[in-house]
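A.B. asks: Whole structure, please, built from the sequences with the hints as guidance.
Chains as they are written, first to last, in this note's numbering: chain A, 1 to 430; chain B, 1 to 430.
Derived by calculation from the structure, the hints in this document are not laboratory data. A quick note: this is a predicted structure, and the numbers were derived from the prediction, not measured. We put the CB at the ideal spot given by N, CA and C, even for glycine. Hints are all accurate, no fakes.
In silico contact screen, one side only, chain B against chain A (beta carbon under 7 Å); selected entries:
id: 1; residue: 32
id: 2; residue: 137
id: 3; residue: 144
id: 4; residue: 145
id: 5; residue: 215
id: 6; residue: 291
id: 7; residue: 297
id: 8; residue: 298
id: 9; residue: 299
id: 10; residue: 308
id: 11; residue: 315
id: 12; residue: 322
Single-letter residue listing:
Protein chains: 2
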Amino acid sequence: MKKVGVAILGLGVVGGGTYKILTGHRDFYRKSYGVDISVEAVLELRKERALALGIEEGKIATNIEEICSNPEVDIVVEVMGGVEPAKSFALAAISAGKSVVTSNKELVCKFGHELESAAKHNHVGLFYEASCVGGVPIIRALLDNLQGNKVISLMGIINGTTNYILTRMTQDGISYSEALKEAQKLGYAEANPSSDVEGFDATYKLSILSSLCFHTKIPYTDIYREGITQISPCDVQYGKRIGYAIKLLAIGKNTEKGVEVRVHPAFVKLGHPLASVNDSFNAVYLTGDSVGEVMLYGRGAGELPTGSAIVGDVIYCATHSQHRYSPFENTEKAKPSTKFIKNFESAYYIRLSAEDKAGELSKVTSVLSRNGISVAQVVQEQDGIRGEDGKVPLIVVTHETYEDSVRRAVEAINKNGGSTTVATVIRVVS
Amino acid sequence: MKKVGVAILGLGVVGGGTYKILTGHRDFYRKSYGVDISVEAVLELRKERALALGIEEGKIATNIEEICSNPEVDIVVEVMGGVEPAKSFALAAISAGKSVVTSNKELVCKFGHELESAAKHNHVGLFYEASCVGGVPIIRALLDNLQGNKVISLMGIINGTTNYILTRMTQDGISYSEALKEAQKLGYAEANPSSDVEGFDATYKLSILSSLCFHTKIPYTDIYREGITQISPCDVQYGKRIGYAIKLLAIGKNTEKGVEVRVHPAFVKLGHPLASVNDSFNAVYLTGDSVGEVMLYGRGAGELPTGSAIVGDVIYCATHSQHRYSPFENTEKAKPSTKFIKNFESAYYIRLSAEDKAGELSKVTSVLSRNGISVAQVVQEQDGIRGEDGKVPLIVVTHETYEDSVRRAVEAINKNGGSTTVATVIRVVS
Chain A
1 MKKVGVAILG LGVVGGGTYK ILTGHRDFYR KSYGVDISVE AVLELRKERA
51 LALGIEEGKI ATNIEEICSN PEVDIVVEVM GGVEPAKSFA LAAISAGKSV
101 VTSNKELVCK FGHELESAAK HNHVGLFYEA SCVGGVPIIR ALLDNLQGNK
151 VISLMGIING TTNYILTRMT QDGISYSEAL KEAQKLGYAE ANPSSDVEGF
201 DATYKLSILS SLCFHTKIPY TDIYREGITQ ISPCDVQYGK RIGYAIKLLA
251 IGKNTEKGVE VRVHPAFVKL GHPLASVNDS FNAVYLTGDS VGEVMLYGRG
301 AGELPTGSAI VGDVIYCATH SQHRYSPFEN TEKAKPSTKF IKNFESAYYI
351 RLSAEDKAGE LSKVTSVLSR NGISVAQVVQ EQDGIRGEDG KVPLIVVTHE
401 TYEDSVRRAV EAINKNGGST TVATVIRVVS
Chain B
1 MKKVGVAILG LGVVGGGTYK ILTGHRDFYR KSYGVDISVE AVLELRKERA
51 LALGIEEGKI ATNIEEICSN PEVDIVVEVM GGVEPAKSFA LAAISAGKSV
101 VTSNKELVCK FGHELESAAK HNHVGLFYEA SCVGGVPIIR ALLDNLQGNK
151 VISLMGIING TTNYILTRMT QDGISYSEAL KEAQKLGYAE ANPSSDVEGF
201 DATYKLSILS SLCFHTKIPY TDIYREGITQ ISPCDVQYGK RIGYAIKLLA
251 IGKNTEKGVE VRVHPAFVKL GHPLASVNDS FNAVYLTGDS VGEVMLYGRG
301 AGELPTGSAI VGDVIYCATH SQHRYSPFEN TEKAKPSTKF IKNFESAYYI
351 RLSAEDKAGE LSKVTSVLSR NGISVAQVVQ EQDGIRGEDG KVPLIVVTHE
401 TYEDSVRRAV EAINKNGGST TVATVIRVVS
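C.D. replies: Quick look at the structure:
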């Protein structure tokens, strides 16, 4: 039977999960896939982590050279996170002729082109299913199932931390900071939560996914990004009343006009499959020119779900002799011909802090109208929940319009000098 | 550039869609995948179909031998449906050294083991993503992404026709036969709808999917099957009121006690991701021991969605030199060690046709209790919708219990000689 040796770099949550799955299922994989996959080495400076997993001392390496020079190691699983030393370690492993499987979205997003170029040069595999949306089989689907489609758009809830926070705010009516604290207590959010709540994590994943969807590198620096820290509980509740769920969405579109990529909070119409993706669940909703709408849903993070994605890549790598790379030229920047659309189209929820007096609504609508924005819905409930300003809010939901038009209109309303000002603007997806 | 020739057997809905995608995207595939995939031949006796698609006369074959002897053909796409002549044609293609891509669930379900054995013998590929759930990337996910998991269970809405009918019954309050007529008018149901509405189609697909999930052949003849023709509009409405959506579910479970496979209508608790899969959409909800819950959602049928799955397989086959087969011994019957559980566990919705007099409920509950069935909920709304019998129904929802216990209890209630009889039993999934 073919023998394949694995080394795991980092025994944190995902590394530990990967180790457990690989060792617990070793016989299952021998029987099902005809290959004996064994963990031959781990690189983990906190030796007690390795010992707690029952790994024998002789397999605990203390530097990357030991891994690279170990002839028993065929596949290196990089689950350390962050750019360095993960990048140097992955490149060293590739140079040593090992295939690399990684869950490191930041590394793949920022330096995937370098890793891939090195992997091609060294005729080894590079796999990163686990870098995006944990256990959800999105990358394999894009590469080997939906690859006959031109992807028109993707919309994803691809960060579990923020989805947990927004779900708590929606279901329990609590504030952002209370929900964040709860998420931290449960281990869903880190002590410094900024990578998640400011949308960086989602931006890295959207960069990877949209590159695969649109067949050109989409650098994360070209992605518009807005986090969830400014979401107020009253907007969450107003949205709920008028039929929306608040989500941090990662959106990519490829139209004739160009590519549009953005991460920001959005109201999603109830009834849309993404609206009911709650708690720490993730989902990617994709439209292809042949397949139409497809949604993949599951756990976006966690020891075993992300471990499942790592192990899926490990088995694939162990049972395939042919290495395959991105279906596009993987470069640092987008193709020169790629045009990024910044002035995108969307519907908008605009909450105004208004004095309850005659003529205020008509002033607002006339500013909107001057900016070419047409109104779909106006809500002003006298018995409604009050905003942070203690006022009963005036809410306007627009039809599809342009981002720039809304920015101009908001500026004009606020400059008006009147008593009506814009409290919140949230994009709406239906 | 590598050239790969395709022949399409049958230019019905899926064959036509496949042709359109392959020809319309030929340049895209050359650029993205470095392979020139061309349709070199079609086998279609209704020549006008081929001409309508713009296929030149010289490429229209009239018998399978022309396809098999055509050296330009590398991959044969079988989209004829039914067992014969599809089976003979696929075997002939395989014998001639062509790889086969098929959307034919009945063929794969009943004779997949024969086709696979022939494919192995002839060192060609056999692909059948399109046989299950149209454009939804479930088979590739099972083979190459979730393959490190032991699948604990799968639940699917895997027949679009019945889901369309049940959605119309739920949303519009119409009867089964009205909804069926509408589905027929829209082309969602065939003139003879029995393969769909009696659950055969779902059974074929469940056989294929559960075999891949549980790593043993699950013959369709071992699957418990019940269709949707007996679903009454009043049950649909009662279910809706107490928080359930009616679905035709395909369920597979692999427990320590054995394998459980069944296709039947079921009430799915609102809030469960499957409950909001409506119209002709399909979804498979799967639980793996590592990945946890995953759901894949999309169009289960149609020209382009199913064409997308076919083309995904064609590109995969055209770009991979290594052929891979089932991750289990693909045989006619299940492994001798496989135990099928017929007396499965479930919760139940039982509607009773009862006289509105004292003591009726207690008679019923005492029969249930004697059979070890515990009651979770009782509903008797005086102003409720009446059953077909004109009576206000008494509805009992049970906790998890055994199928056999419920059958015995129903028999006992009906035999009681009293005025209370069981009108409907529907399994409940939460």
